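Protein chains: 2
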Amino acid sequence: MSRPSRSQLKIRRYLPILEWSKTYDRDVLTSDLVAAVIVTIMLIPQSLAYALLAGLPPEMGLYASILPLVAYAIFGTSRALAVGPVAVVSLMTAAAAGNLAAQGTPEYIAAAITLAFVSGLMLTVMGIFRLGFLANFLSHPVIAGFITASGILIATSQLKHIFGVSAGGHNLLELVTNLVSNLPDTNVITLIIGAATIAFLFWVRKGLKPLLASFGLKPRTADLLAKAGPVAAVAVSILTVWIFGLDTKGVAIVGDVPMGLPPLTLPSFSMDLWGQIFVSALLISIIGFVESVSVAQTLAAKKRQRIVPDQELIGLGTSNIAAALTGGYPVTGGFARSVVNFDAGAETPAAGAFTAVGILLAAMLLTPLLYLLPKAVLAATIIVAVLSLVDFSILKRTWGYNRVDFAAVAATILLTLAVGVEVGVSAGVLLSIGLFLYRTSKPHVAEVGLVPGTQHFRNINRHTVLTHPELLTIRIDESLYFANAHYLQDLIYDRLACDQPIRHVVLMCSAVNEIDTSALESLEAINTRLGEMRIKLHMSEVKGPVMDRLKRSHFLDELTGEVFLSQYDAHVALTKSPVRGVAAAG
Amino acid sequence: MSRPSRSQLKIRRYLPILEWSKTYDRDVLTSDLVAAVIVTIMLIPQSLAYALLAGLPPEMGLYASILPLVAYAIFGTSRALAVGPVAVVSLMTAAAAGNLAAQGTPEYIAAAITLAFVSGLMLTVMGIFRLGFLANFLSHPVIAGFITASGILIATSQLKHIFGVSAGGHNLLELVTNLVSNLPDTNVITLIIGAATIAFLFWVRKGLKPLLASFGLKPRTADLLAKAGPVAAVAVSILTVWIFGLDTKGVAIVGDVPMGLPPLTLPSFSMDLWGQIFVSALLISIIGFVESVSVAQTLAAKKRQRIVPDQELIGLGTSNIAAALTGGYPVTGGFARSVVNFDAGAETPAAGAFTAVGILLAAMLLTPLLYLLPKAVLAATIIVAVLSLVDFSILKRTWGYNRVDFAAVAATILLTLAVGVEVGVSAGVLLSIGLFLYRTSKPHVAEVGLVPGTQHFRNINRHTVLTHPELLTIRIDESLYFANAHYLQDLIYDRLACDQPIRHVVLMCSAVNEIDTSALESLEAINTRLGEMRIKLHMSEVKGPVMDRLKRSHFLDELTGEVFLSQYDAHVALTKSPVRGVAAAG
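Protein chains in written order, with our numbering: chain A, 96 to 681; chain B, 96 to 681.
To be clear, the hints were calculated from the coordinates, so they are not data collected in a lab.
Bear in mind the structure is a predicted one, so any value in this text is a computation, not a measurement.
Each residue gets a CB set at the ideal place from its N, CA and C atoms; glycine is no exception.
Each hint should be verified, as a subset may be incorrect.
Only pairs whose alpha carbons sit at most 20 Å apart, straight line, appear in this in silico EDC-like list of lysine to aspartate or glutamate [said to hold, decoys possible]: (1) LYS397(A) with GLU619(B); (2) LYS397(A) with ASP589(B); (3) LYS491(A) with ASP589(B); (4) LYS398(B) with ASP585(A); (5) LYS491(A) with ASP652(B); (6) LYS491(B) with GLU616(A); (7) LYS398(A) with GLU657(B); (8) LYS398(B) with ASP589(A); (9) LYS491(A) with GLU616(B); (10) LYS398(B) with ASP652(A); (11) LYS398(B) with GLU619(A); (12) LYS397(A) with GLU627(B); (13) LYS397(B) with GLU619(A).
Not the full set, but computed from the structure, chain B residues with beta-carbon under 10 Å of chain A [as the list claims (entries may be wrong)]: (14) VAL499; (15) HIS581; (16) SER613; (17) ALA614; (18) ARG624; (19) LEU625; (20) ARG629; (21) GLY639.
Only part of the chain B face toward chain A is listed, based on derived beta-carbon distances under 10 Å [to be verified]: (22) PHE228; (23) LEU233; (24) HIS235; (25) ASP438; (26) GLU442; (27) ASN497; (28) PRO547; (29) HIS551; (30) LEU586; (31) TYR663.
All chains should be built: construct the whole structure from the sequences, respecting the hints.
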């Protein structure tokens with residue numbers, strides 16, 4: 096094989112399909128096909144249900160599960176990720192489109208399609224510019240809190256379908272009060288169908304697997320069969336409605352779902368609309384990306400595979416653009432279905448393409464059968480799916496480990512529930528960044544001394560160490576930058592104000608990874624002020640990159656003291672002999 | 096003297112006047128009075144000029160220089176700061192009020208008064224909650240760039256008065272094109288007056304002081320006399336206009352300035368208006384605070400005094416509230432006049448209160464004399480004052496030292512000139528924070544080895560050090576938090592993928608000041624993954640506060656390796672003997 100040229104390498108970066116398709120054979124094909132069949136069966140009710148959650152016609156859920164999967168198969172790097180409509184992104188779509196138009200209007204549908212397009216563009220551009228690192232600014236606790244709160248919101252929003260009443264709202268209070276005030280209109284038959292489906296689906300999750308296993312099925316097969324629970328619920332409920340004519344007794348049904356190929360659609364190119372949905376599209380992009388990448392990474396790690404986050408952005412971006420062009424709405428990699436895909440043996444992204452074919456067939460052939468499907472059944476599948484996402488343990492964990500993280504999680508959960516998804520997740524991100532900046536603006540600074548018998552220096556308040564009355568050594572535990580430059584200045588002046596015999600101040604820079612222009616100016620001010628007090632300023636353990644930069648300024652010429660390679664060198668030179676030191680409190 | 100009680104201490108914190116008034120005597124009084132007379136003379140034309148710059152009636156400049164000074168004298172901590180209208184804040188007021196109403200309308204004036212009130216509230220609240228540290232997020236280079244760009248904008252905006260034409264605009268392009276297109280309407284007499292005043296004021300700055308000194312005056316006296324230049328220009332120009340009747344020949348004059356006490360005014364309490372001016376008021380507050388505190392700190396340092404930034408917030412906040420209640424507009428501590436106050440010998444904030452009396456007398460007695468004052472003269476004093484603020488050297492300094500800072504300065508200057516003050520300074524702040532976050536999200540990480548003959552470990556790429564083939568030591572030069580948690584994970588996996596014999600990985604945490612929940616989860620993942628590869632994960636030099644927190648999690652129980660006090664201990668224990676190490680490239 097000849098060495099690939101540069102442009103070939105570039106093409107390969109953007110088209111992972113060229114890599115895995117080279118070794119594609121009959122065995123892999125079989126595995127992928129089996130996985131595709133199972134995921135298709137799981138995805139049909141899910142697609143319909145999430146479209147309902149997004150406030151969109153059910154067929155849009157199917158359309159969002161066809162071409163986007165093909166796009167991901169071409170551009171994505173995860174071997175097992177199953178793309179399509181997911182709960183949280185559907186809820187965010189409903190919130191964003193609901194701000195612009197009423198559910199059921201053409202403007203609402205146009206807004207959802209445009210959201211997919213703009214979000215797809217954003218993801219693709221972020222991928223091309225390798226901005227995948229931006230997702231890192233969503234901390235794990237904030238994501239966990241957001242998913243939990245969203246799960247609660249989603250489950251609550253679906254209760255109206257279980258009771259057969261109409262009740263809207265974007266936050267928990269609105270949802271609950273609207274629901275409660277409409278409870279007198281409850282349709283009892285709908286409630287029975289809904290409650291029975293919920294009970295059945297929970298039993299499928301908890302009870303069916305052990306039962307199937309007791310019949311001698313392998314655990315994995317039992318597990319996969321249990322995933323078909325929603326399909327069984329769909330089939331049984333359609334039959335029930337048909338036999339008893341329940342649609343004439345007030346049970347809300349899905350109704351006409353158009354049969355055929357997905358339509359070709361175009362997003363709106365109104366800059367006005369783009370401006371209005373910009374923030375929503377950005378949040379949907381980032382949340383969708385984070386959710387998808389974390390699933391993809393988890394599954395890749397199990398097989399010692401790697402995914403490329405920046406290429407994942409392109410994979411998800413093109414999927415969303417594909418969704419916008421074929422009557423879909425925002426999609427991303429889903430947790431539950433990716434795990435099923437993985438467990439069912441999917442080996443390459445081709446499984447996703449085969450799933451797309453399955454859904455396409457469903458859209459072309461099965462939609463008339465869905466006419467009598469009760470909405471309560473779809474709502475029940477959503478409720479059971481999202482309640483498994485609700486997990487408050489992150490509150491306990493962060494409370495015990497890190498109160499700052501706790502504050503961010505608590506704010507995310509409270510604001511998501513009380514105000515809505517967009518405010519909740521934005522507040523979580525801004526709060527975690529703000530608290531991080533706050534901490535770095537007041538860095539930890541320790542006065543250190545020599546640990547006897549070593550060349551190691553530690554905090555005088557925590558260890559028994561040797562110090563010297565004329566020598567003050569300050570270890571700065573943070574990079575020096577504009578936000579903490581003044582803090583250091585104040586701290587040193589305060590420390591010197593109460594200690595007369597000091598003749599040397601050493602800044603131990605083992606943790607200083609950067610000194611920016613503002614901090615350099617502060618160091619110059621400290622150097623000058625100490626010079627006036629006839630105290631010499633020294634530095635030790637300055638890192639290579641920091642030293643390189645300092646050499647380009649005048650600071651080292653003006654420095655009254657020296658720069659020592661190690662703190663031990665500084666200690667020896669400035670105290671003449673370390674033995675002269677006196678032991679500080681342990 | 097008995098020990099002050101807790102509540103007395105609290106009162107003293109908020110009322111610095113109680114401290115300095117205890118030792119107030121005749122000598123101090125004399126010094127303060129002399130300084131007050133000089134500052135009053137300087138402040139009269141300045142107040143009028145900055146009101147003109149803010150697009151407000153001239154008397155509002157005087158009103159802003161009376162009660163606010165008294166408020167600062169009571170609540171401020173700087174002994175020499177002179178509060179009042181300043182150039183940059185006046186420009187920002189014009190920009191903010193100009194967004195809401197046309198200059199000269201009552202709505203415009205109401206907006207300016209409300210800006211002062213809201214900004215005063217914000218500053219006071221920030222002071223009570225000790226949020227002064229927020230100002231640290233404005234980096235020195237961003238401030239320097241912003242002041243320079245504002246100076247250019249201000250000078251350009253005043254050229255219309257020099258040419259005697261009307262021309263508005265919020266950015267450089269608008270200002271210049273409007274000015275150029277109106278140049279045919281130039282009033283030649285106005286231009287002569289304006290140009291002559293500018294030339295005179297520049298000569299006063301550069302030429303008068305040496306001249307006076309050659310007459311035998313002391314340098315300080317010569318300096319202070321030179322500061323009276325604008326007053327001389329005002330007096331001479333009024334006389335000239337009167338003698339030649341120039342006001343009838345198209346020279347724009349100040350006109351009627353009401354005589355008497357400042358009026359009692361109330362800000363608007365429309366929440367709608369407050370919402371509209373919120374961001375502007377916040378920017379004015381922070382810029383004003385930063386400018387004021389840096390002047391106050393510089394002057395305090397000269398006399399080995401200290402200022403209390405959080406109390407300064409309260410001082411400036413009450414000053415602005417006072418301005419809003421007495422027909423003024425946003426004020427802050429000014430650089431030029433504070434230096435004059437200091438040089439003239441002001442010893443306590445009482446000098447400011449005496450200045451207020453001086454301006455009050457001027458407002459009550461002198462305003463009829465100002466009727467014929469040409470606006471061109473006021474514009475000339477502004478131009479000469481602000482051009483001294485323009486200094487592009489920060490671009491050169493940051494280019495040489497730190498390109499990241501350069502980017503922030505360049506963006507601040509360009510956007511301030513091209514779009515306006517609010518966008519410019521916001522972009523500077525956001526860009527510097529964004530770039531800082533970006534850097535911390537991809538922290539510097541070095542593979543280290545033992546410097547022979549010491550117990551010190553340095554980067555294997557920069558120093559000749561001892562390493563061991565089974566031991567990989569990674570020094571992380573940044574706190575571990577959500578934004579870089581994944582980065583570390585990827586980095587370690589990549590490093591291990593290409594090096595087989597490694598049996599021990601040591602994370603040297605000398606620069607890790609914090610491990611948040613996200614990073615802890617990443618460490619757990621690394622520990623598990625390395626465990627599967629039968630590689631032990633160790634840590635060394637973990638700091639006290641970090642260790643305290645780790646002990647509260649399960650991580651230390653699960654850690655496959657050990658936590659060593661020093662990297663040297665880790666090296667000795669894991670290589671059995673450091674002598675077995677091999678030297679890596681220097």
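Quick rundown of the hints versus the structure:
no., hint, verdict
1, LYS397(A) with GLU619(B), "holds, 16 Å"
2, LYS397(A) with ASP589(B), "holds, 16 Å"
3, LYS491(A) with ASP589(B), "violated, 33 Å"
4, LYS398(B) with ASP585(A), "holds, 16 Å"
5, LYS491(A) with ASP652(B), "holds, 19 Å"
6, LYS491(B) with GLU616(A), "holds, 15 Å"
7, LYS398(A) with GLU657(B), "violated, 28 Å"
8, LYS398(B) with ASP589(A), "holds, 16 Å"
9, LYS491(A) with GLU616(B), "holds, 15 Å"
10, LYS398(B) with ASP652(A), "violated, 27 Å"
11, LYS398(B) with GLU619(A), "holds, 19 Å"
12, LYS397(A) with GLU627(B), "holds, 11 Å"
13, LYS397(B) with GLU619(A), "holds, 16 Å"
14, VAL499, "holds, 7 Å"
15, HIS581, "holds, 6 Å"
16, SER613, "holds, 4 Å"
17, ALA614, "holds, 9 Å"
18, ARG624, "holds, 7 Å"
19, LEU625, "violated, 13 Å"
20, ARG629, "violated, 14 Å"
21, GLY639, "holds, 5 Å"
22, PHE228, "holds, 6 Å"
23, LEU233, "holds, 7 Å"
24, HIS235, "holds, 4 Å"
25, ASP438, "violated, 20 Å"
26, GLU442, "violated, 22 Å"
27, ASN497, "holds, 5 Å"
28, PRO547, "violated, 13 Å"
29, HIS551, "holds, 4 Å"
30, LEU586, "violated, 13 Å"
31, TYR663, "holds, 7 Å"
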